[in-house]
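Enquirer: Sequence:
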Amino acid sequence: MSSCILLLDETFDLLLERVLRPLSHLDESIKQLQDELQRNNGRIKPIFEINGLHYAVINRDNLYFAMIMQTNNHVSPLSVLNYLEDLYQLIKKFIGMSLNKLNVRDNFHLIFELIDESSDYGIIQVTNYNIIHDFIKVEVIKSVETETLPASSSKAGEPEDQDETYINSHILRTITSAVSWRPKGINYGKNEFFLDVVEKLEFVMDLDQGIVRDNAINGTVFCRCYLSGMPQLSIGFNKLIQKNVHFMKRLKFHECVDLDTLLSDDYPIVRFIPPDGEFELCSYRLNRPMHDDPVIKLESATTTFKPRKDPLKQDRVLLRASISTHFKSQDSTKDLCINIPVKHVIENWNVDLEQTPLFKSDIGEAFFNLTEGSLVWKIPHLKGGHGDKTYELKCKFEIWDEEIHRRQIEELHNSMDPPPLRSGPKLEKLWKDIHEKSASQAKSNVQEKRQPCLVAMEFEIPYYAVSGLKVEYLKIEEPQLSYQSFPWVRYKTLNDREYTYQVSI
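Each residue of the sequence shown is one higher than the one before, counting from 1 in the UniProt record's numbering.
Check the hints yourself; a few may be wrong.
[What the hints assert, rightly or not] No farther apart than 20 Å at their CA atoms in a straight line, the calculated lysine to aspartate or glutamate pairs in the DMTMM-like style are these:
1) Lys429 to Glu347
2) Lys378 to Glu299
3) Lys334 to Glu498
4) Lys492 to Glu458
5) Lys252 to Asp196
6) Lys334 to Glu460
7) Lys297 to Glu460
8) Lys200 to Asp214
9) Lys492 to Asp293
10) Lys190 to Glu478
11) Lys239 to Asp258
12) Lys137 to Glu113
13) Lys306 to Asp196
Since the hints were derived computationally from the structure, they do not count as laboratory data.
Sequences are here, hints too, so could you generate the full structure?
Expert: Encoded structure:
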């Protein structure tokens, strides 16, 4: 299948190579790959051919995983890319952190072992972490500077030594069994199974025109299995039991699920023998009706000019933003954060940053992010509802007035009193230092008081699944051991990468 596997860093320098089959002119082949990456600045096709050789490349953690194949090998391109992805995930799980060229170089012996165990003479064998980790005895060298990720094979509070996790780790485990994803001989003192239904909301709306561009749910059912022996699990989801065809067509299951019985049963139940440790049971993507309200709705975001009432004071511009909730009233959000860009407001309205902006909110707190040029509205907890109550944020900016500023300087110059001490940051100077270049570009363009911007939201709603998916029951059986088990089910809804409103303020 494969003649050689390569790892390259972000500058396309070779970190390591593993020759799996004899390949003539290997150095020239590697140089061809590096030249192709350099010529396209790393943006190349995942599969391409140069001088009779096929190359497969993926980019992960700013590293390039590449495979060189001869053209006489009849190999599916998708299987090659899938193996490279599995190899990356396998290395990442073993090292326990995001990959970089330092920890790759430190652990090259481990990576060579993983390549040799996961393939034989270039033919894929096994990439399942739960199976392969018992055959790898190379010690992992972890870099102190790199942020460590949570290990996928151990629970919080358990010993780091993975050998202590299993009492019967000496029993031979083979990948040729019918249940290749779960080794035999697993034993736990306390048998627990955790199931998390996590749904991420995608939502994009043009608030000015009232048009919803995207409204979807990306759901995943994550599991953590700490059960002894070979348990058989049965899970009943309400949407499967109700035979919701729209939902069933969008489900993607783990290989452990018995799809034949799921599709043939009159009472559809998800039956499977779970892998050990963490795994993804299923995933789905549901398109919500466009007229359905989002769970956190931006009702309005406007700027209003407030003329001065006192000739000795400055004009003002008032920014208002209001939100409402549209989910069950017994639930509440956690750590809601709303980011409102105001950079163009400050530049176009010629805001006087010598006067500190004033904030007032019905709930939570707001502050000015000088670096990003935005207002950040943070709400620790927000109760659910059905749009019957709105929460408002007000922000008042003073508009620069040359005449008033000149008059204040003259009064200070002629006054016998010492000038007032000014405390706090000098926002106008900091703003100029950070945004001077962009401000000069803005002045060269046609000035408009209102420009479109994206208001982004981040939130989490514990114990709530927006799609209505529920686990009706969860049954754990182990005929040989007959132990007591403890199943746990949890729901959570949070924002996806895109949860934004386009508004003109």
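Enquirer: Against the structure, test the hints numbered earlier, and report the numbers of the ones violated in rising order.
Expert: Of the numbered hints, just 13 does not hold.
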